[in-house]
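**Student:** Sequence:
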Amino acid sequence: MPIIKDNMEEMEGFGDLLRSAEQLTADVDTGTELPRIEQNLRQIMETSQRLWTKTAQIGGQDETDVKASILLGSKGLDVPHISHRLESLSTAKTFEPLEPVGDTNIKGFLRNERENDLLAVIEEKKQNAFQQAEQRFWDSLQSEWDQDKQRILDTLIGSSPDLIDVTADSSSSMIADRVHMEGRSNLDNVEMAYARQVYLYNDKVVSGVVRPDLVELFRETSLQFENKNVTDLWTMVSDMSDISTLPASDAADARCSPRVQSSLVGKARGFLEQCYIDYIRNIVSANMRKAMLGGIPGTYHLVQAFLKVKFPLPPAGLEDGEVDSMPIWPVIYYCLRCGDLDAIATAVQRASQDLGEFIEFLQEYMENEDRRLSPGTETKLRLHYRRAVRSSTDPFKRAVYCVLGKCDTTDNHVEICDKTEDYLWLKLCQVSFEDKSSGTSSSDHLTLQMLQSTLYEEYGESHFSAHQNPFLYFKVLFLSAQFEAAIEFLARTDSNLRSHAVHTAIALQEMGLLILPENVQSQILSKNPEDAAGIQRLNYTRLIIMYTAKFEATDSREALQYYYLLRNVHDTHGKSYFVKCLSELVVETREFETLLGRRETDGTRRPGAIDKFGVDTQQVIDTVAEDAEVKGLFEEAVKLYDLGGNVNKVLEIMNRLLSPVVSMANTPQSKRDRLQMQAIALAERYQMQALTGSRANTRTFYLLLDLMTFFDQYHSRELDRALQTIDKLQLIALTPESVDDRVTSFKQFTDEIRRNLPDILLATMNILCSKYRTVRSSAPQSPRGRLGSKPEDGGKDSHMSRLRIQAKSVITFAGMLPYRLPGDTNARLVQMEVLLH
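Numbering (UniProt numbering), first residue to last: 1 to 837.
Some clues are possibly wrong.
As the list claims (entries may be wrong) - With a Cα cut of at most 27 angstroms, we get these calculated BS3-like pairs of lysine-lysine:
1. LYS631 x LYS149
2. LYS228 x LYS310
3. LYS808 x LYS771
4. LYS419 x LYS228
5. LYS267 x LYS228
6. LYS290 x LYS308
7. LYS747 x LYS796
8. LYS380 x LYS427
9. LYS290 x LYS310
10. LYS808 x LYS728
11. LYS308 x LYS419
12. LYS527 x LYS267
13. LYS575 x LYS631
14. LYS310 x LYS419
Source of the hints: derived by calculation from the structure; they are not laboratory data.
When you get a sec, could you build the whole thing from the sequences and use the hints?
**Tutor:** Set out below in structure tokens:
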């Protein structure tokens with residue numbers, strides 16, 4: 001009966017409320033600004049119920065339209081009126097072509113045509129913009145892919161010996177090799193000797209003193225290798241690079257200059273002639289009895305002794321008598337092959353017969369420092385050669401005339417040029433630099449470009465058995481002034497020869513003789529369509545990067561010396577490749593202190609290896625830090641920005657790193673533990689030196705550290721200290737009076753703090769619940785306290801009441817926040833707050 005009575009009283013209460021509402025509706029004055037309500041509450045309820053029933057029965061698009069109408073209506077929008085206005089809007093302002101008008105309406109026709117033309121221009125520009133944007137996107141993507149692909153290839157090439165070991169050994173042996181090689185240098189004795197000279201050279205360059213001769217440094221180093229091929233290589237590089245007439249212009253233009261080409265050909269001939277003198281001397285020394293040289297010095301007598309060994313019986317077909325019992329033309333040829341013109345004059349003077357016009361040709365040839373005849377004399381010699389000498393049976397006589405007059409360039413003189421060096425010397429002697437000076441056809445002349453094309457393209461590696469004798473083919477290319485092709489071949493052929501090729505490139509580049517490509521991303525050896533024939537370009541930057549890839553992980557200081565050689569090479573954005581390679585080296589090796597220095601506890605910076613190069617260290621460190629940040633290496637970026645003194649960036653990145661791990665339980669050697677120790681060290685040093693970043697970053701950084709302390713106390717069950725800590729931080733409200741202030745101040749916090757708010761609220765509520773359960777179970781509660789009588793201050797009831805108030809304040813604070821909390825957070829907070837009652 002009491003229950004029925006209560007229900008009836010409740011129904012009467014609702015009826016009174018309904019009647020009061022109807023009375024208020026009737027009393028509304030229609031003259032006011034408030035809208036007139038045309039339906040009472042009962043009618044509104046019936047209409048709502050009818051609409052709800054209709055909505056529940058329909059589905060699909062109709063249901064969506066109804067929901068959209070309800071939503072827009074709740075915002076004060078008249079949906080039917082808006083729909084009518086939208087339908088009445090004109091579509092003439094779109095970019096669609098306009099409909100044609102009648103031909104009789106001239107004004108309308110002209111306006112229509114004008115608008116159509118404007119629309120066509122707009123459409124064309126739009127299409128062009130889309131096409132350009134798409135093209136730039138794909139170009140950028142292709143460029144990034146090419147860079148990544150090239151970096152992978154360079155790494156593989158630089159570590160090719162390791163790759164061979166991997167393919168040959170099993171996985172267990174591979175792991176053993178890696179353990180065995182760990183901590184050891186990947187430089188062999190040859191590479192280490194070269195690296196030492198590079199270091200000495202860079203040290204002189206940085207010091208600003210006179211630069212040493214790098215070629216001579218490498219040549220002296222090669223003597224300790226006890227390899228004749230390597231010694232000859234550096235002797236050849238030394239002779240060919242000694243060009244005093246090199247103009248101060250682009251290397252490609254300089255190498256095409258007739259003066260430079262003439263100098264290069266002369267240096268190549270001189271090297272081959274000196275090598276042949278050494279060859280003859282060795283033959284004579286090995287056959288002293290046959291040679292019968294005696295003690296008379298000079299090339300003439302050396303050639304006489306050599307011919308006694310080479311030709312015990314003079315070959316048939318020799319002409320024009322003898323000189324000291326030896327055929328005259330072999331003596332002249334070998335004296336010419338040795339490059340001794342005085343010896344030729346001696347032979348001519350001692351000849352048993354008069355040589356006629358040849359003496360005049362030889363006299364002019366000897367008087368010219370460039371070893372060339374005047375155009376008139378050369379034409380005269382060529383005519384004499386065609387009439388009398390070409391048909392001669394003496395191969396030495398024909399060869400001598402071809403050398404002096406640069407004639408009959410198609411004859412290779414195989415009877416006497418049985419070695420590659422002899423053939424190359426003969427062709428270099430026949431190279432001409434003025435195709436039109438003599439008035440003859442260009443087919444009678446052999447240019448340097450024609451010789452280069454014959455050796456590299458027509459003959460190539462297979463003809464010279466390059467892979468069986470790489471030094472020979474390198475010599476052929478290098479002496480024909482094809483430096484880039486020679487270096488690329490030697491670097492590609494054998495990993496043991498790569499160091500010689502790389503340091504040859506370094507020496508030539510420091511002297512300004514190498515021709516480099518415009519795009520650093522090009523192949524090692526490339527050709528520009530605009531270049532002259534025979535000109536190829538060597539990607540010097542990639543060659544250095546490929547070479548250092550082998551040892552940059554174990555010998556970072558040595559790699560840094562090679563990267564310094566790239567200081568004058570820049571990418572498309574103007575950044576030096578020295579800085580770019582240094583950035584990648586620091587990121588890969590993690591040797592921040594060794595390369596860039598470190599911060600001491602007192603804030604001073606200890607110099608690193610980079611400080612020895614005299615560059616803008618601050619700029620380099622900032623660039624490396626930016627690269628590390630872009631690559632997502634935030635912990636490394638913090639160290640680098642701190643090293644560069646950029647406090648604001650340090651705090652900004654540290655805030656991003658600390659935010660996700662603040663609420664985690666701390667375990668030794670974990671990421672949170674590592675970041676916390678790093679952050680504490682930074683905070684102590686910054687406070688000692690009074691260093692700050694922006695106000696927001698600084699406040700967030702120290703607040704995150706305090707929150708980490710709070711969660712450490714929370715996870716270690718130090719609940720009282722944790723509650724005191726969160727109360728001191730004034731981040732969340734623990735009293736009703738502080739709710740509004742905490743809500744207002746919360747708007748000033750950054751996202752790094754806000755993301756941790758759900759965990760902070762749950763941890764605080766857990767602390768309150770745990771303390772409440774502890775207090776409630778500590779002792780039996782008195783009836784007086786249960787009835788709500790005022791307990792004594794500090795008593796159990798007072799403590800429990802205070803905890804309930806704090807929990808209620810947390811719930812109120814969470815509900816008033818202008819921040820969307822996860823749905824389960826609110827539910828869990830309410831559940832825990834209920835447990836406190």
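**Student:** Quickly compare the C-alpha distance for LYS808 and LYS771 to 27 angstroms and report which way the hint goes.
**Tutor:** holds, 15 angstroms
**Student:** Between LYS419 and LYS228, is the straight-line Cα distance small enough, at 27 angstroms or below?
**Tutor:** Distance ~19 angstroms between LYS419 and LYS228 Cα, so the pair holds.
**Student:** Holds or violated: are the alpha carbons of LYS290 and LYS308 at most 27 angstroms from each other?
**Tutor:** holds, 6 angstroms
**Student:** Sort out whether LYS228 lies within 27 angstroms of LYS267, counting only the CA atoms.
**Tutor:** Given that 27 angstroms is the threshold and the Cα spacing comes to 20 angstroms, the pair holds.
**Student:** CA of LYS575 to CA of LYS631, is that 27 angstroms or under?
**Tutor:** With Cα atoms ~17 angstroms apart, LYS575 and LYS631 stay inside 27 angstroms; holds.
**Student:** Given the hinted pair LYS631 and LYS149, is their alpha-carbon gap at most 27 angstroms?
**Tutor:** holds, 17 angstroms
**Student:** Take the C-alpha atoms of LYS380 and LYS427, compute the straight-line distance between them, and say whether it is at most 27 angstroms.
**Tutor:** holds, 21 angstroms
**Student:** Quick one, are LYS747 and LYS796 close enough, alpha carbons at most 27 angstroms?
**Tutor:** violated, 37 angstroms
**Student:** Hinted pair, alpha-carbon criterion (27 angstroms max): LYS808, LYS728. Please report holds or violated.
**Tutor:** OK: LYS808 and LYS728 at ~19 angstroms, within 27 angstroms.
**Student:** Does the alpha-carbon distance linking LYS228 and LYS310 stay inside the 27 angstroms limit?
**Tutor:** Satisfied, since the Cα-Cα distance of roughly 25 angstroms is no more than 27 angstroms.
**Student:** Between LYS290 and LYS310, does the CA-CA distance stay at or below 27 angstroms?
**Tutor:** Roughly 10 angstroms separates the two Cα atoms, so the pair holds.
**Student:** Could you grab the alpha-carbon distance between LYS527 and LYS267 and see if it respects the 27 angstroms cut-off?
**Tutor:** Judged against 27 angstroms, a Cα distance of about 25 angstroms means the pair holds.
Of the numbered hints stated above, the single one contradicted by the structure is hint 7.
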